[in-house]
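K.L.:
Listed below are the residues making up each chain.
2 protein chains.
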Amino acid sequence: MPPTPPAADAALLARAVALATENARTGRGGPFGAVVARDGVVIAEGTNLVTATHDPTAHAEIVAIRAACRALRSHQLDRCVVYASCEPCPMCLGALYWARPTAVWFAASRADAAAAGFDDALVYAEVAVPPEARRLPFRRALEVEGRAPFDALRANGARRPY
Amino acid sequence: MPPTPPAADAALLARAVALATENARTGRGGPFGAVVARDGVVIAEGTNLVTATHDPTAHAEIVAIRAACRALRSHQLDRCVVYASCEPCPMCLGALYWARPTAVWFAASRADAAAAGFDDALVYAEVAVPPEARRLPFRRALEVEGRAPFDALRANGARRPY
Chain A
1 MPPTPPAADA ALLARAVALA TENARTGRGG PFGAVVARDG VVIAEGTNLV
51 TATHDPTAHA EIVAIRAACR ALRSHQLDRC VVYASCEPCP MCLGALYWAR
101 PTAVWFAASR ADAAAAGFDD ALVYAEVAVP PEARRLPFRR ALEVEGRAPF
151 DALRANGARR PY
Chain B
1 MPPTPPAADA ALLARAVALA TENARTGRGG PFGAVVARDG VVIAEGTNLV
51 TATHDPTAHA EIVAIRAACR ALRSHQLDRC VVYASCEPCP MCLGALYWAR
101 PTAVWFAASR ADAAAAGFDD ALVYAEVAVP PEARRLPFRR ALEVEGRAPF
151 DALRANGARR PY
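Each protein sequence line maps, in turn, to chains A and B.
My numbering applies: residue 1 is where the first sequence begins, and numbers increase by one.
My numbering applies: residue 1 is where the second sequence begins, and numbers increase by one.
Calculated from the structure, these hints are not laboratory results.
Be aware that a few hints might be false.
Residues on chain A that point at chain B, a partial pick, calculated with CB under 7 Å [to be verified]:
1) P5
2) L13
3) T21
4) G27
5) T51
6) P56
7) S85
8) W98
9) A99
10) F138
11) R139
12) R147
Counterexamples of contact, computed for chain A against chain B with all Cβ distances above 12 Å [what the hints assert, rightly or not]:
13) R38
14) D39
15) G40
16) V41
17) V42
From the three backbone atoms N, C-alpha and C, an ideal C-beta is built for every residue, glycine too.
Please put together the full structure from these sequences, using the hints given.
P.N.:
What follows is the structure, encoded as structure tokens:
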């Protein structure tokens with residue numbers, strides 16, 4: 001049994017779950033919600049808007065991360081915590097690593113999501129597969145030409161933009 | 001040595017690389033570009049806009065996928081091919097699986113990107129790690145309450161929105 005979360009974290013996670021329930025109840029989108037907070041104060045909220053906005057990347061976590069970064073005018077979620085109604089899929093996990101919050105809380109597990117028809121297992125598995133062996137065909141070409149953008153970056157004072 | 005790509009694919013991949021080079025040259029963003037095409041016709045293009053737009057999810061592939069889906073008014077890239085200047089990171093890989101193009105072409109490898117300071121290796125490794133063992137702390141709570149959104153979906157005619 002996991003430790004009881006601090007009350008503030010539990011309340012923010014409950015808010016993410018409530019957003020998810022409302023999103024499912026109204027049929028606006030998938031049953032997922034997320035909250036980004038700093039020092040216990042909500043910076044942004046998000047729900048799954050994949051079909052509503054014709055955006056396959058509009059998972060609740062991504063919607064909340066993007067809104068929080070807009071609010072903070074930063075591409076990093078310094079000192080922020082992300083609360084997700086469900087364990088993040090690999091896309092959202094990647095987004096969380098790039099956004100760099102200090103921690104992530106989640107309620108439902110990927111098994112709960114799979115039982116409801118949202119199965120991330122294939123994507124989790126494919127991340128670990130070499131590109132040439134994936135179910136979605138990944139093909140490589142222009143190996144030498146493909147390095148030109150990195151050369152351009154070095155020529156541009158080797159300034160890494162982030 | 002990989003097979004020579006069809007000329008049309010090579011041209012579209014070269015376009016993605018050119019976008020990446022231009023993005024790096026101008027300092028607008030990271031040295032990455034992407035193109036989405038259907039039947040050889042460009043639907044949308046994207047470059048890395050992470051710092052320019054304060055959006056950690058604005059990798060070239062995600063920018064191009066979102067723009068293409070807006071253009072097609074669909075959350076799925078049916079019959080589309082995605083061309084990326086560099087091997088996609090796990091976030092973009094996840095986005096590609098959700099968008100469901102028929103294939104992905106890329107030029108530079110993740111090793112090329114790492115040599116230029118863009119190292120996706122940590123994120124690739126973390127996807128395979130159980131949440132409780134990750135470097136970014138993932139914590140779980142409200143296990144029972146977290147299933148409520150899925151119950152709400154079932155109550156809502158068990159309609160899976162996508």
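K.L.:
Does each hint hold? Answer for all of them.
P.N.:
Here is how each hint holds up against the structure:
1. P5: holds (4 Å)
2. L13: holds (5 Å)
3. T21: At 5 Å from the nearest chain B Cβ, T21/A passes the 7 Å test, so the hint holds.
4. G27: holds (6 Å)
5. T51: Check passed: Cβ of T51/A comes within 5 Å of chain B, closer than 7 Å.
6. P56: holds (4 Å)
7. S85: holds (6 Å)
8. W98: holds (4 Å)
9. A99: Holds, because the Cβ-Cβ distance from A99/A to chain B comes to roughly 4 Å (cut-off 7 Å).
10. F138: Where the cut-off is 7 Å and the nearest Cβ of chain B is about 5 Å from F138/A, the hint holds.
11. R139: Holds - the Cβ of R139/A comes within 7 Å of chain B, reaching about 5 Å at its closest.
12. R147: holds (6 Å)
13. R38: holds (15 Å)
14. D39: holds (17 Å)
15. G40: The assertion about G40/A holds, with a minimum of 15 Å to chain B.
16. V41: The claim stands: V41/A keeps its Cβ more than 12 Å from every Cβ of chain B (closest is about 19 Å).
17. V42: Holds: least Cβ distance 17 Å, greater than 12 Å.
Checked against the numbered hints above, the structure violates none of them.
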